[in-house]
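Sequences are here, hints too, so could you generate the full structure?
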Amino acid sequence: MTPTINPIKRYHEMCRETRAKMSDLIDGELDPRDARQVTRHARWCPNCRRMLKDLERTVEGLQAVGKLPTPADEPPA
Amino acid sequence: MTEATLTAPSLPLPDTAENEERLVSRARNGDEAAFNQLADRYSTRLRRTLFRITRDCDAAYDAVQEALIRAWKNIGRFEGRSRFYTWLTRIGINEAYRGLRRHSEEPLEMIDLVGERVPDWGSQPDRVFESREFLQAVDAALAELPLDYRTAVTLRDVEGLSTAEAAEVLGIGERALKSRLHRGRMALRAELDHYFEEGYG
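So the protein sequences, as listed, match chains F and R. Here the first sequence stands for residues 1 to 77, where the numbers follow the working numbering. Here the second sequence stands for residues 1 to 201, where the numbers follow the working numbering.
Bear in mind the hints are in silico, worked out from the structure with no lab data behind them. Don't take each hint at face value.
Claimed, not checked - No more than 20 Å apart at the CA atoms, straight line, and that leaves these computed lysine to aspartate or glutamate pairs for EDC-like:
{"id": "1", "chain 1": "R", "residue 1": "K178", "chain 2": "F", "residue 2": "E17"}
{"id": "2", "chain 1": "F", "residue 1": "K53", "chain 2": "R", "residue 2": "D193"}
{"id": "3", "chain 1": "R", "residue 1": "K178", "chain 2": "R", "residue 2": "E130"}
{"id": "4", "chain 1": "F", "residue 1": "K21", "chain 2": "R", "residue 2": "E116"}
{"id": "5", "chain 1": "F", "residue 1": "K67", "chain 2": "R", "residue 2": "E130"}
{"id": "6", "chain 1": "F", "residue 1": "K53", "chain 2": "R", "residue 2": "E130"}
{"id": "7", "chain 1": "F", "residue 1": "K21", "chain 2": "R", "residue 2": "E109"}
{"id": "8", "chain 1": "F", "residue 1": "K67", "chain 2": "R", "residue 2": "D126"}
{"id": "9", "chain 1": "R", "residue 1": "K178", "chain 2": "F", "residue 2": "E29"}
{"id": "10", "chain 1": "R", "residue 1": "K178", "chain 2": "F", "residue 2": "E74"}
{"id": "11", "chain 1": "R", "residue 1": "K178", "chain 2": "F", "residue 2": "E60"}
{"id": "12", "chain 1": "F", "residue 1": "K53", "chain 2": "R", "residue 2": "D126"}
{"id": "13", "chain 1": "F", "residue 1": "K53", "chain 2": "R", "residue 2": "D139"}
{"id": "14", "chain 1": "R", "residue 1": "K178", "chain 2": "F", "residue 2": "D73"}
{"id": "15", "chain 1": "R", "residue 1": "K178", "chain 2": "F", "residue 2": "D31"}
{"id": "16", "chain 1": "F", "residue 1": "K53", "chain 2": "R", "residue 2": "E116"}
{"id": "17", "chain 1": "F", "residue 1": "K67", "chain 2": "R", "residue 2": "D139"}
{"id": "18", "chain 1": "F", "residue 1": "K53", "chain 2": "R", "residue 2": "D120"}
{"id": "19", "chain 1": "F", "residue 1": "K9", "chain 2": "R", "residue 2": "E116"}
What the hints assert, rightly or not - Over the 12 Å line for every Cβ pair with chain R, so calculated as not near, a few chain F residues:
{"id": "20", "residue": "I5"}
{"id": "21", "residue": "R33"}
{"id": "22", "residue": "Q37"}
{"id": "23", "residue": "T39"}
{"id": "24", "residue": "R43"}
{"id": "25", "residue": "C48"}
Stated by the list, open to error - Simulated restraints on C-beta separations:
{"id": "26", "chain 1": "F", "residue 1": "E29", "chain 2": "R", "residue 2": "E116", "range": "22 to 32 Å"}
{"id": "27", "chain 1": "F", "residue 1": "K9", "chain 2": "R", "residue 2": "L100", "range": "18 to 28 Å"}
{"id": "28", "chain 1": "R", "residue 1": "E197", "chain 2": "F", "residue 2": "P7", "range": "24 to 34 Å"}
{"id": "29", "chain 1": "R", "residue 1": "S131", "chain 2": "F", "residue 2": "R40", "range": "28 to 38 Å"}
{"id": "30", "chain 1": "R", "residue 1": "E109", "chain 2": "F", "residue 2": "D27", "range": "50 to 60 Å"}
{"id": "31", "chain 1": "F", "residue 1": "R40", "chain 2": "R", "residue 2": "G171", "range": "30 to 40 Å"}
{"id": "32", "chain 1": "R", "residue 1": "N29", "chain 2": "F", "residue 2": "P69", "range": "28 to 38 Å"}
{"id": "33", "chain 1": "R", "residue 1": "N94", "chain 2": "F", "residue 2": "K9", "range": "37 to 47 Å"}
{"id": "34", "chain 1": "F", "residue 1": "H12", "chain 2": "R", "residue 2": "G99", "range": "34 to 44 Å"}
{"id": "35", "chain 1": "F", "residue 1": "I5", "chain 2": "R", "residue 2": "D120", "range": "23 to 33 Å"}
{"id": "36", "chain 1": "F", "residue 1": "A77", "chain 2": "R", "residue 2": "S25", "range": "27 to 37 Å"}
{"id": "37", "chain 1": "R", "residue 1": "R81", "chain 2": "F", "residue 2": "K67", "range": "25 to 35 Å"}
{"id": "38", "chain 1": "R", "residue 1": "R77", "chain 2": "F", "residue 2": "E74", "range": "29 to 39 Å"}
Just so you know, these numbers come straight off a predicted model, no measurement behind them. All C-beta atoms in this analysis are idealised placements derived from N, C-alpha and C, irrespective of residue type, glycine included.
Here's what the structure looks like:
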């Protein structure tokens with residue numbers, strides 16, 4: 001019997017692999033081959049594209065949070 | 001701290017004029033004034049970092065004080081292979097962790113939504129992401145992350161340390177740091193979906 005490849009399962013596996021690499025892509029810490037693979041998949045997969053964009057927004061938000069004051073900014077009295 | 005040891009007459013150079021390496025080297029030789037200059041340079045930044053991790057002003061103040069005492073006592077062991085701030089932060093985080101319970105912590109689930117529809121934030125105008133309200137939502141979500149993940153995200157994203165520096169501060173490998181960082185970011189992203197679902201003002 002020839003093994004059948006479930007296309008949905010395969011598609012989801014690609015999404016899972018792509019999403020696992022998104023932080024490294026955002027941080028510029030992915031090797032060029034993987035980076036190309038992730039961006040190529042995200043180009044045609046709307047859910048991965050949204051995930052990548054949302055994750056970028058999250059990281060940018062965190063970076064901006066670093067510029068906000070905190071209650072601990074002043075030295076203790 | 002022990003009594004100050006006076007070394008060769010050192011002109012009171014402004015903070016920025018004297019480089020860190022020289023201050024560290026003087027402090028290693030017992031120059032308390034040099035150590036105090038380093039402490040002044042970094043204590044506010046460390047306090048902010050520790051506040052973001054503990055979410056408790058008093059705990060952050062105490063941990064910084066303890067860290068400075070410990071750093072002064074152990075400055076002889078600082079070999080200068082990392083930046084002074086990285087070394088000090090590592091001590092500070094160890095102090096801060098003392099007061100926080102963490103033994104029961106479970107690994108954070110990877111919230112990657114594979115097979116589900118990922119909500120679209122892309123249609124929101126740019127100014128939403130720059131608004132104080134959004135940033136407060138990000139900060140509030142960060143405060144709720146499990147400790148190890150909150151610390152990794154705080155060091156890397158909020159404080160802007162490199163992957164290597166953040167891993168060194170935590171005494172873990174870069175792979176482990178990246179794994180915590182990614183899971184933490186993904187959990188924050190998922191939490192922020194609620195923010196957009198509920199409407200933002």
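So which of those numbered hints doesn't the model satisfy? Failing hints, ascending: 3, 10, 14, 25, 27 and 30.
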